[in-house]
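Take the given structure of chain R and dock chains X and S to it, following the hints.
What follows is the residue order along each chain.
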Amino acid sequence: MLEGFMTGLAAALSFKAIAMVVVGCLIGTFIGMLPGLGPMSIIAIMIPFAVSLGDPTTSLIMLAGVYYGAVFGGSTSSILINAPGVPSTVATSFDGYPMARAGKAGKALTIAAISSFAGGTIGAILLTMFAGPLAEFAKTFWSAEYFALMVAGLTAIAAFAGRGQVLKAILMVLVGLMLATVGQGALFNQARFTMGVADLESGVGFVTLIMALFALPEALFLVLNPKKGNQEGDGQDKEIKDLRITKEEARKIAPVIGRQSIVGFLIGVMPGAGATIASFIGYATERNLASPEEREQFGKGSVKGLSAPETANNAASTGSFVPMLTLGIPGSGTTAILLGALIALGVTPGPALIDKNPKIFWGVIISMYLGNVVLLVLNLPLIPYIAKLLTVPRAYLIPFVLFFSLMGAYIGQNNVTELYLMIGLAAVATLLRFADFPLPPIIIGFILGVMLEDNLGRSLRKFRDLDWMYERPVTLGLLIVAVLFVLVPLATDWRARMGRAKQTAQGD
Amino acid sequence: MSPRWFTLDRLIALVILIIALAYINASFNIRMLPFELRQPFKPNTYPLAIGTLTAIIAFLVTIMPPATEEPGNGSKGGDTEGWREFDWLRFAVFFVLMIVYATFLRAGGFIPSTIVFLFLGSLVLGERRVWISLPIIAGLTAGLWYLVTQVLGIYMPAWPSGLAGSFGQSAQIVSAATPLVLGA
Amino acid sequence: MKKLFAGAFALALSGTAALAGGHQQIDSIHFLIPGGAGGGWDGTARGTGEALTKSGLVGSATFENMSGGGGGKAIGYLIENAGSSSGTLMVNSTPIVIRSLQGVFDYNFTDLTMIAGTIGDYAALVVGKDSSVQNFADLLAIYNNDPAELAIAGGSVAGGMDHLVAALAFKRAGADATQVNYLPFDAGGEALAALLSGEADALSTGLGEAIELAKQGEVRIIGVTAPERLADAPDVPTLKEQGVDAQFVNWRGFFAAPGLDADMAAAYTKVLGDVQGTDEWEAVRARNGWVNIYNPGADFTAFLQKQEAEIKELMTELGFL
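Residue numbers (my numbering), protein chains in the order written: chain R, 5 to 512; chain X, 97 to 280; chain S, 112 to 432.
Excised from the complex, chain R in its bound form:
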């Protein structure tokens, strides 16, 4: 093992390889900021170029740079303009955007960069040490376990169920689940709930919905209320660019990073789960582990709430390489494309890879370490400039955010109906905000809903009853965790309401 590692290391540390990883990181970061172009499409676009480099190790290292860059670039648009371009950075916007709104964009980006780095690196270490046994672990997950995992992921909505908001948050998640059933799914041979609209046959687009719920209403609110922005933004130039994290904040996020690297990685190892689920579960877990005062801050700009999903989604992305490298199974869209790249390079992933082609196997793993380090070194100095985008005058910033949001659904699809749908949904979202309905639960329900139904449906077909919910220990365990995640905030809400009722009763 050590010998293989050294061979890979030597290949990775050549000048050409390092130059390529730097180029890859830069390209990934900047293209990744464009909504709608996630790591998957960027890698797909870059593969012919990578293949043309000739040497497989160098190609892979460059692609790793593109990948990590794209993931970080995606987080940037989530944090700065509340426009997550891919599902795995949705949870990042929950606390990242409020931080940026409070003038701490530089800090938020730094926490995101450090959490990504740590998640990716710890993930790579776990991958180096335990790839083999983990592949066996991944094989224990059936649809039943995935179903339970989705249920646990749904509990991330608890963060948006403030006092008196529990029912509203549940209602919103249900709306998201209903939206997810529109169109053709993986289970059934017909498009459902399309209301005769042909464009809905492939469902509501993720980018369409996320821009309609998050980015467009934010920008439009600035149009609506000209006074508000004037207090923020101006005169805070220094703070926006300020990267520094206080000692106290560092102390807060350190354990989060430690836990979420491991949990996120394990979730990523499952071929049917992936970075998005990991980020939601990471968010939900950390919120439940936090002290009551810290819990209040989740969804409003908590450093823990930002660090948890960023760590978890990067660790999970790394984890998704386990089934790809050891079993030859792509666990996510991105690894499916990378698998294609490997095959294009004449390498066949699978159980024999370590023995037959150690240089590639270790080359991939070392490229992860290198990609993460380069990303951090490269992007930390860039953060002040990226954050400064927010100080662009309103008259430009708002039209551009609207334009970027619309483009996110249009680029590469050329389907104008998606744009009308987005604008219509944005109007609905604005109305919902006026009525104090929390919007993030809609998107959580929408993302998890499809997998929830698919895995439930498969399990019912496999077992023909519901006994698996308590007969399969891992399923049962995950379902219990999910119930606990729900009961904790419900109980506090109920207690608060009781207390208030007593007060008013005495007041009368």
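The set of hints was computed from the structure by calculation and includes no laboratory data.
All the given hints hold, so there is nothing to weed out.
Taking lysine-lysine pairs in the DSSO-like style, the calculated list, with each CA pair at most 27 Å apart, reads:
(1) Lys240(S) / Lys143(R)
(2) Lys466(R) / Lys240(S)
(3) Lys466(R) / Lys143(R)
(4) Lys251(R) / Lys392(R)
(5) Lys363(R) / Lys326(S)
(6) Lys282(S) / Lys466(R)
Here chain S is said to cover these stretches of chain X; the calculated rule only asks that three of the stretch's residues, wherever they fall, bring their Cβ under 8 Å from a Cβ of chain S:
(7) 123-132
(8) 241-255
Remember, predicted model here, so these are calculated numbers, not experimental data.
No residue lacks a Cβ here, since even glycine has one placed at the ideal position from N, Cα and C.
What follows is chains X and S alone, placed relative to chain R:
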């Protein structure tokens, strides 16, 4: 806010209740293939479950006691405070702008439509220095178009379809006219 | 430095580094892709375009993604704009037949001008390496005993292609094909994972998806829907040689607008065939693991009509329609 019964959130919950009932109705009407009727998990099994749950929760929200404002819970409500003074006209203008932009994006070509959209947007938001805004907007639009179409290889016609032959093709493309194929 | 790389990309990506070869047959082709960037249709069109332009057979290629309606939007667009679309080729594949039969589209694929089938993949039935099933007869025995005990995973919807292939095999073996306990997955990779985890007892998928793992001994392919053994996989038995005449090929190919001039249609058909003899095509083909099944013009039309009739009969019998 006074604890009136008929608040906006109740109204919305009522609308969601109606939508949920329509959704349940639509679930019963999903056209099922003969073999699916034999399956334990039918195309409408899950929709019926979540539709019913949605209807129940929406109903509960309509009858729930008002969520009284708590001190320190104002961060979300803060957005909508003082809505009477909001600039609703400008808000509406932007919606119209977006719809018009979407409508003309394909027919008008990416570059002209986008420049007009961004320019009018900045004008509405108070940028009067046209000599500054136009070059910036035109430059950014062209740059983005170049990145997306020429570097990333994604299709997006730059000009109205009639003009495509004259400007639309880049130098890399050997020749834009199609005499051999089109030539009768 | 960055500019330099951007230039390098443009070259590598758009693949328009046209060789000055004198054998250019067509000046330019506009590829219409009925799905988003990054999907299977997208890869087929872009790969084909790359080989065509790099080999110099075609001067330039442009690509337009038009998603919506599961591919139906692009079909509608091509038919409605037939007059101005003589330079356009649309990529498509087997599901266009299935979905046309189901009445998903406003139009039928037969409304289009059929140019050629270019690449394809045979379907395969696969079991895990530790499975007791050694051949199709073993699988059939389990199925006949209790179909519910045999969970078969696949990467398409219930009633879709992978389900259809499994049912076809059982039907041709004389069993009641309506009882297949099919577990649909979002993609072939996930279905493969379900096979390895033991959730599924067998897998119905494309041969290309399973062949590498089979070569490493992780899974066993018990039958492929090809007419005879394949040169790339000589150890893989066909279903036919096991006495089950279940043949199926998942093709990908190109269509043009209705009413296209016959000479032009012939030119497209020819160039798609000629390209398969070039090194540039071979590079793209190998990179994507495609199998050449060049099927030109009239043959393609006849093939599609035959496939449509077969699938229709099978789907009606199975209750898929």
